[in-house]
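A.B. asks: Sequence:
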Amino acid sequence: MCIIRPFSEYSDQDLLEQLKSSNSKALEALYELYYVQLCQIAFRKLGDEALVEELVQDVFLNLWIKRKELDANGSLFAYLYATLRNRALHEIRARIIKERHYLHIAELGKGHLPDPEDDYVAKETELKVMKVIESLPAQCREAFRLSREEQLSYKAIAARMNISVNTVEKHIGKALKILKRELKDYDAPVITIIGLLALYKL
Numbered sequence: 001m002c003i004i005r006p007f008s009e010y011s012d013q014d015l016l017e018q019l020k021s022s023n024s025k026a027l028e029a030l031y032e033l034y035y036v037q038l039c040q041i042a043f044r045k046l047g048d049e050a051l052v053e054e055l056v057q058d059v060f061l062n063l064w065i066k067r068k069e070l071d072a073n074g075s076l077f078a079y080l081y082a083t084l085r086n087r088a089l090h091e092i093r094a095r096i097i098k099e100r101h102y103l104h105i106a107e108l109g110k111g112h113l114p115d116p117e118d119d120y121v122a123k124e125t126e127l128k129v130m131k132v133i134e135s136l137p138a139q140c141r142e143a144f145r146l147s148r149e150e151q152l153s154y155k156a157i158a159a160r161m162n163i164s165v166n167t168v169e170k171h172i173g174k175a176l177k178i179l180k181r182e183l184k185d186y187d188a189p190v191i192t193i194i195g196l197l198a199l200y201k202l
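When we follow UniProt numbering, the leftmost residue of the sequence shown carries the number 1, and every step to the right adds one.
Just so you know, these hints were derived from the structure itself, not from any lab. Heads up, none of these hints are tricks.
FRET-style restraints, in silico, Cβ to Cβ:
no., residue 1, residue 2, range
1, V165, N23, 42 to 48 Å
2, D12, L127, 31 to 37 Å
3, N23, S135, 33 to 39 Å
4, K184, E32, 45 to 51 Å
5, D14, K170, 41 to 47 Å
6, H90, K25, 29 to 35 Å
7, E17, L176, 40 to 46 Å
8, N62, E169, 30 to 36 Å
9, M130, T167, 20 to 26 Å
Here a beta-carbon is modelled for each residue, glycine too, at the ideal position from N, C-alpha and C.
Model the full structure from these sequences, guided by the hints.
C.D. replies: Here it is, written out as structure tokens:
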């Protein structure tokens, strides 16, 4: 007699195989297994329960969408964590841009509150920054992200990318030069987002 095990008894590797085979039950099992833990991790940084729930649900949706691309030997939790971390970083960057923009507007307007259009301006600025980063050459972009988002040293980045430390320095220097050039028409407080990318991590 064939005994079918419940998905709750499957290992991560088993669930990964089932997920890559488009078995939605595997996604449900992973949701049950990691949802609360991921919410707790994100809440510690964002402090917004509704936003956290939305982000974590989006993480699982992303997992399902990209299930065919998953590394058969990879860690599912590591993948979920990395995706969540990137989503959270995006939200934190948006907050920083908005808050600094509001402060700048208040200073210029001698205390006047910003109008709804400021939200649009802040969002547009964030999108501009992200667009510039995405347009960087692949190696340059990877080195910059490892430095700013994962806060790795040049030596660690060199080891991760299998290149020399000198090459890492050139890549990051090039990235900063491009960012400054492309954002030269933006207000000074907005430019500080380049440095702030390195300050927040889960």
